[in-house]
Structure formats: structure tokens, C-alpha cells
Amino acid sequence: MLSAPLIILLQPRGLAWAGATAVALLSFAIAVALTIAVLGGQTQVYAMGGWPAPYGIELAVDSFSALVLLVVTGAGAGALLAARPSIDQQIEHQRQPLFYSAWLLAMSGLAGIVVAADAFNIFVFMEISSLASYVLIAGGPDRRALPAVFKYLIMGTIGATFYLIGVGLIYMMTGTLNLADMEARLGDVTELNPILVAAGFITIGLALKAAVFPLHVWLPNAYTQAPHMITVFLAACATKVAIYVLIRFDYMVFQAKLDDHEAQFALFLMPLAILGILVASAVAMFEGHLKRLLATSSVAQIGYILLGASFVSESGLAASAMHIFNHALAKGGLFLAVACLAFHYSDLRLDQLGGAAKRMPFTCAALVVCGFSLIGIPGTAGFISKWLLITAALETGPMGWLLVAVILVSSLMAVVYIWRIVEKLYFGAPDQDDIAVSEAPLQLLLVTWLVALLNIGFGLFPTVPLTLANASATVLMGYSG
Amino acid sequence: MKLLELLGYFNYWVFAITLVIGLYAVISKANLIKKLIGLSIFQSAVFLMYITMDKVEGGTAPIIQAGVEDQIYSNPLPQVLILTAIVVGVSTLALGLAIVVRINERYGTIEEHEILDAD
Amino acid sequence: MTPESTILAAICLPLAGALAIGLAGRVSANLRESVTMVTAGTLAWLVWSLLPTLMAGGRPAVEVSEVMPGLSIAFRVEPLGMLFAALASGLWIVNSIYSIGYMRGNKEKNQTRFFVCFALALSATMGVAFAGNLFTLFLFYELLTLSTYPLVSHKGDAATVRSARVYLGVLLTTSIGLFLPAIIWTYAVAGTGDFVLGGILAGNLGDPEVGLLLALFVFGIGKAAVMPVHRWLPAAMVAPTPVSALLHAVAVVKAGVFAITKIIVYVFGIDFLFASPSSGWLLYVAVFTILAASLVALRQTNIKRLLAYSTIAQLSYVVMAAAILKPLAEVGAAIHIVAHAFGKITLFFAAGAIYVASKKTEIYQLKGIGRRMPWTMTAFTIGALSMIGVPPTAGFVSKWYILAGAFQADNLVAVFTIIASTVLNAAYFLPILYMAWFAREESGGKEHGEAPFAAVLALTITAVLTLAFFLFNGPVIDLESQVVRGLN
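Residue numbers (the numbering used here), protein chains in the order written: chain A, 1 to 481; chain B, 482 to 600; chain C, 601 to 1088.
Since no wrong hints were added, every one of them can be taken at face value.
Label pairs and their in silico Cβ distance ranges:
no. : chain 1 : residue 1 : chain 2 : residue 2 : range
1   : C       : Leu623    : B       : Glu595    : 54 to 60 Å
2   : C       : Gly803    : A       : Gly200    : 44 to 50 Å
3   : C       : Trp881    : A       : Trp401    : 19 to 25 Å
4   : A       : Phe461    : C       : Gly806    : 32 to 38 Å
5   : B       : Lys515    : C       : Ala758    : 50 to 56 Å
6   : B       : Val571    : A       : Leu402    : 46 to 52 Å
7   : B       : Ile498    : A       : Leu26     : 48 to 54 Å
8   : A       : Gly397    : C       : Asn710    : 50 to 56 Å
9   : A       : Leu26     : B       : Pro557    : 32 to 38 Å
10  : A       : Phe286    : C       : Arg899    : 33 to 39 Å
11  : C       : Asp1078   : A       : Leu402    : 45 to 51 Å
Hints are computed from structural coordinates only; laboratory data are not their basis.
Idealized CB from N, CA, C, for every residue including glycine.
Throw the hints in and build the complete structure from the sequences for me.
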């Protein structure tokens, strides 16, 4: 975060990019180090300014935070590594240093949300990252980016403000903002009504930010109109962080103290999750624009994550956490491939992409691999999280079969919309015959392929994220009284 | 609840009404600037709620004065939080207005339905 | 080489081969073809080298990685898998010879992509054959679907892509919608997905659920083409004939029935399933498929579609035999995998040869063709006789065993079905034979001779194999009997 303003000073845009990437990679390295420490079993805590909690502001990283932090910094670093050619294509040269510094601000905001241990800090970082994201999305080349970002701004601010109301109500009743402290003090609260109202506000607010159905309407347009590398970054982590806060707040703070927490959380969120999954997948099947198709698919994937969380069981939470990781890999890879395609196809509507595989075979191959991960073909990362989700669903009892059916049907819908893309790319009629192979710039292509291979790698050897996910689930469920 | 008690919660009434007015403006107005104004109103309502909750009866501004003991202070924490939130609100408003200016440049209008029609 | 490393090599070799073929294809077609042949030959040698261990009763196993606790990629060779792998690897050599002749004779495009995908499909097949647990089986089963898709959609025109879509759609829908939940259910109930002789479900699953789980498996394994999930087979006929030969004899369909048989024997357990009344429906579904497919075959005029429906019926022979749940029938099921493979691949080779030489695809065009293409039609005749089950062909041996098993189980329905389908087979094959050999050729047709040498060589080899199996089937029977030894 601190380096963001410095980047503006780095005028030659190459230097700005290099600076931003270096910082991002450094953040990623720190995240990895934190993860290793957390895997050792310790929650990392840091009191800012030396003031001990609950008076002071605290930063804490446990396994759930570590997982999401990896995703955020990894996505940021990865996207920045590949960004240069694509950003050159889409953003004016003089604006680029400003652009990169906004990117760093967004990244630091998202990372801040993940490590913050008190509710208000979360709000502050949330708004930092949101404001920076609005700026980034508004950089999109098409003028439609502007109404898209305006809608996102309005809905996002409403969401953040709802969250603020909820936090205020809790503060009124408990007198603290520190999450761990809140959990302890909630036991003393006699009047539960404000708490319920607070929970409601917080959930709705975060749901707006996380694009939970039916509050997701800002997402397809915003993701479609944003510059391609921004879509990569945001699709991989922005909404996930909001869900992270939702899950953490709910499990950490509310779980033990609210009777019927299970029923309320599950009954309320599960149908929304299911609807999101089914409706979004169905809409994606008919979408004509490649980016919007993938963005709509993201809404469905967020539904999966929420579904796992709504089971209120360790296996469900592990599945959710795993899918946060795996979807970031899959969707990040897909949008990276889209950025590659954009080098030769300025109009990304599906019917304009006919025969693209002849011109850009490596790009399309990477797209296919990441598409498989999205569907959940065994051998890819997406399969692991789908398996976990189905197993968790079966554990919920007789209704589990219905949930399994939902998951399987939506996977089949994913097959349909991914295959529409594949068929167009490989079998569609190209606009001219005799196309020479002319791929995307190497930098972009290499990162795209790296992510594609990671999808397979984590599909066959998922130990690290799996351990983190399981540990997260244990920690979160551990807060139940 | 007695009527007097209800009226005693005057601040909270203002908060609730302002909140709803703001939300209504955001959702129903077609002019983008009016939406932003609604958003501001909406956020101000929340600020009011925070400040309300921290005013302690008989409390003064929370600044410790040398030599004065036994003073009741209003809770400073929410005031600080609101300062931060106001800043966030202002930045959001500024960004929103910048976007509206750009929209006006590119579309020639700031009415929502006209923008939707233009695309 | 230890058996364990042989297993891994068998799976990795075709992968490496695919890469080599792709690279060789840039240099020259002949180099590429040589690489294919070398890869196929080496694979067969590797796989067949496991035979002595298997015959002696050994069951080499190797675990590759533990993906999740309780879920690992592991391989374990047992008689059924050995049979399937040996069959696939051996026939790949012959199929490659044939492909060379066919693809060049037809001047097909994208030949490198073709041979590369073939190698990938064979690697997946080996994975299916050697899988040691349900997860590994599923992994390679899906990879097989995906690697054969480019082969089916090879031609690239709109009609082909549509049919390929049906192919992929049916196979993926059944595997993700039915097979996967069945696997997860099994893991949840039994705690493991390992293949164990005698099954892992006994004591873990009650009765109506057994039937339901069996249904999920049988219809989820769409590659076995049990009705109604059989639609992909006729749709896949748009592929070049070497692919159809591969699909129908070597890899895809046999992977399907192999998987069903393996699951019946190693996940459910023959005795357990026999004792569960809710599993009885399988026999009737198989019987229905046999009879219905044969009836549909009667009405076909396109050679390849006729062969496709004949395959659907023949595959359900295997399913029916496995469903009889008696030792002799189980052995018969395994042998029919081999016998049908030899016979059907010969038939497809012949059909493709006819197409290459004369561009003929319909049955009524075949009048008098026996005189122009004697080698091809002789092979076709042998294949057809094997389908009907006439000695001295391979089909006779497997039918014998299945019948014996049916009698052993006092299963008159199965006996009747075998007899009825034999009659139906004769009904649709004999007219073709008659027309080819005894009818007068129509005038005004194109002059043509035999098919390219490589193609003729291949179909002669498989025709001879069909005959040879009649005489030399002892080792196969011994191997498969190991599976049912100890069962009543």
C-alpha cells in the first residue's frame, strides 16, 4: 500500500509496471511465509502500535486468512506479471503509472481485509479496495465501462454501508470491535434483537459485495467491461474476500451465541446459493459474449462457495475454502486466456471467435484446460472442490441428494457453456482462410499456461490447499460453543 | 412502550427515516447525480446512528483537561470511526462524481434510461 | 523391469509417444508412422510382459499419489484388467497398420493430430485397465472420453461436430450425472473405493440401495451403451473408420463393459450381488438392449450404423453374462470381450476398406463386391460368422461359455435371448454375405480393386486372430478362471 503513490512517480510505464510487479511478488512471498507459519499450527497475531487488544487494533492470520491471502496476493502477482502487454493494449501510456498504483491499492485493501481482526478495519480496507477497484474497472476501453462501474459503485457502497450499520449495532450491544472479543462478549448480551438485526444487515451488505444471487446484477457488466487483466484479478479474488468476511463474521462471532444460528444461516443462504448456482449457470449457457459468459459463471461458482458454507459442517466449510482457492485458479486462467485472445479479436462475442484455435492454439489449449477445471473433470483442481462439496452435501442427511443433484446438474450446465466456447474456437468458421499462427505475446502466454498447469498440478497434488482448507474449517467450527 | 419513551428515541427515528429516504433516492431516481445525493443521504443516516449511540447523558467532548477529574465523557471511539467513515464517504462521492462527469462526456446525458438506450 | 514400474511405464509410454508423434509429424509422415508403430509395439511388449506374473497368481500394484485422504491414484493388475490391457495394446498395433493404409488412402487431413490423439486414448485405456480403485478408474475413464472427442470430430464439418456433440454430451452427462455420484456414494458407504475380490459393499449397504447403486453405475458407465444411454455409439460413426474400429473393438466400448464387469466383481462382489434381490433388473435391461438393438440393426442400410447397433447388442451380451452371476458366465463375459473385439474390429476394418477403395457406404451398394475385394470380403465373412457365433470362430467360444453359465444358473431368459439374438444376427448379416458373394454387380459402377495393402494386411491379421481364438483360447480361460475360483 505504501508503495502505491511511489509508483505514480515512476513515469516510464515500463518502470511503473516493474515496480508494481515487484511489490506484488514480495507480498506473495510474505503470504507464503505466513502460510507456512500458520500450517505449523499457530495463528499469527500482531498488535499494531503495541497497544494490546482489545483496546488496540489487531491483525491476525489463521489458516482461513492464510488461504485467502494466498489467493489475493497470488492473483495480484500473477496478473501483474502478465499484465504489461494487455494493459499496453488497453490503457493509454501516460495513465499507466496511475493505473498500476491503483492496482496496488486494491491489492493492499483486499489483503488488509483478510488480515484485519476487527470489524471496523475490515470496513476501511473494504472501501479502500472497492474504491481502487472502481477506478481500475473504469479504465476499460469501452464507454460502457462507466455505467457498469457506476452501478457497482452504488451497490457496493450500499453494501458497505449496510455492513457498517450492522457493525454499529453490534458495537452498541457489546462495546467492542475486535472480532475475537465480540465473540466473547456476545455471551453477556441479554437483548438479542439488535444482534439479529445486525447479523441481517451485515449479511446483506456482504452479500451485495460478494455478488450473491439476487444481489449480483452489478457483476456481469463490471467484469465484462473492465480491462482484461483487471477482470483476471477481480474474478480471482474480489468477491471471494467478501465471502470470506461473511463466513468469518458468521462463524466466529454469531455461531455460538445465536440460537438457531444453524437454521437461520442455512435456511436463508442455502436457497439463495442454490438459486444462484442454477440461474447463473442457465444464463451462462445462452450468453453470446465470452467475457460476460465467464462472468455469469462466476456468480454460479460463488453460489457453490456459499452452499458449502451453508451446510454448517466442517466438511462443508472445507469444501467452500477449497473452492475459493480452486475457482481463483480456474477463473483466473480462463480470463488470462481471454486477455490473450483479445490480442487478435477485439470483439469478444462468441460468433466472432470462430476458428480461433487455428490462430492461437496455445491460448485455446490453456482455455480448454482451465475450462475442464471449471467443469470439474477429474485430474483438475475443480474436481477436488466439487468432490468435497458433494461429499459434504451427502452428510447433511436425506436432503443431501437434492443438493447433490443441484451440483451435478449445474456441472453439466457448465459442460454446455464451456463446450460452446470450445466448439466455436476449434470448429467455428474463421473469418478468413489460411490463418497463420500468431499467438499472444509470450509474457502473457507463459503466465496463462502457468496457471493452466497449476490447475492440473493442484488437481493431482492438492495437499497444501487441502490442509489449509481443512484447518480453516476446524478453526471456524471451533467457535461453536 | 410509552409514547414518551418512543419519542425519546428521536434520533433513531431520524436515522431510520433518513436511511430510507436515501435508499429510495438511489433506487428510484433516474438522474445519476440524484442517485449520488441519495447515497450521501443514506450514508449520513448511518453516521447519525453511530454518533447517537456514543453520546453519554451529560457527557462532554472527550478531551482530557488537565486538572479536571471526574468528568463524564462521551465515547470517543464511534466519533473516530465516523470520521473515517465520512472520509470514505467523501472519497466515494468524489469518485462517483468523476465517473458521472466522464459519462456525460461519453454519452452526453446523465439520465439512466437514456444511457441504457444508447447502448 | 519390475511389474510395478511396468505398470507405470505402460501408462506413460503412450503419453510420451503422443509427444513424439506430434514432433515427428512436423518432420515427415513416414517418421510419424514409424514412431506410432514403435510406440504401439513397445506398449504391447510391456503389457504382455506382465502376463507370466498374472498367470502365476500375482497381482502387482503401485500407488502414485494420494490426492485426498482415502482417495488415491493407484493401479492394481488383475485378470480382467490384464485381459483388457493385453487386448487393447495388441490390437493397437494392428489398428495402427490399418490407420496408415486408411488415412493415406483417403487422403485425410490432420493426420498428425489423429495419431497423437490415438496415443493419448491408448494411455487412458491402460489407465482404465490397470486402475486399482474407483477414483483412478473414473479419472482415466473421463480422460478417455476427452481424448477420443477430437478423433470423433476429426472431419470438422458441421454434421460431424453435431454428432460429436451428442457423443460427448451423452458420455459426460452419464459420467458426471450418474457415475460420479455412484462413486462418491460408494466411498461414503464403504469408506474406500479399492477394488477387492468379493466386493467392498457387503455389510455396508442394504437392499433397495444396492439396486439403486447398481443402476447408477450401469447407466453412468455410458460407454457400455446399455439402453437408453446408447445414443452416442451410432453418433460416433461419423468418425474415420480406424476410430470406429478403435471405439468398437479396442478401447472405448470395452472400457465400458470392462468397468461394469469389474465393478460387479470387485466392488459389489458376485455372491453379494446374487444375494441381493434388487439387482435382478440388470439381466432384463441387458436382454432388452440385446433384442432391441438387434431389431434396429435389421433396419439399417448404412454399413457402419448396422455394425454400431450390432455392437450395442454384443456389449450387452457381456453385461447379461456378468449379470447372471455364476462363474461360468463371468468367464464367458470376459471371453466375449476378446471374441467380440476380434470379430468387430475385422468387420470395421472391412467396412473402412470398402469405403477407401470404392467410397461405398450402404449395404445395397455391396452387390458382387466379393469378386472385386476377395480378401476384404473373406475377412468380413469371418467377422460376421463370429458375430453369429458359428464355429470355427471366436464368437462361438464365448457364446458357448455364456450359454453354459446360463444353464448353470437355470436362467431360461438368458438362454432364450442368446438363441433369439443369434437368429437375429444371422438375419442381418447373412443377406450382406449373400449379396457380396453371389449377387451380380450393378452396372455403371466405378471400377476398383482391393483396398491399400496396409489395410488389407491389418484385416487379414484380425480375421486370422478370430479363427485362431477358436483353437487357442486356453490361456485366456485359465486367466479369467482365477477370478471366479473359489466361488460356487
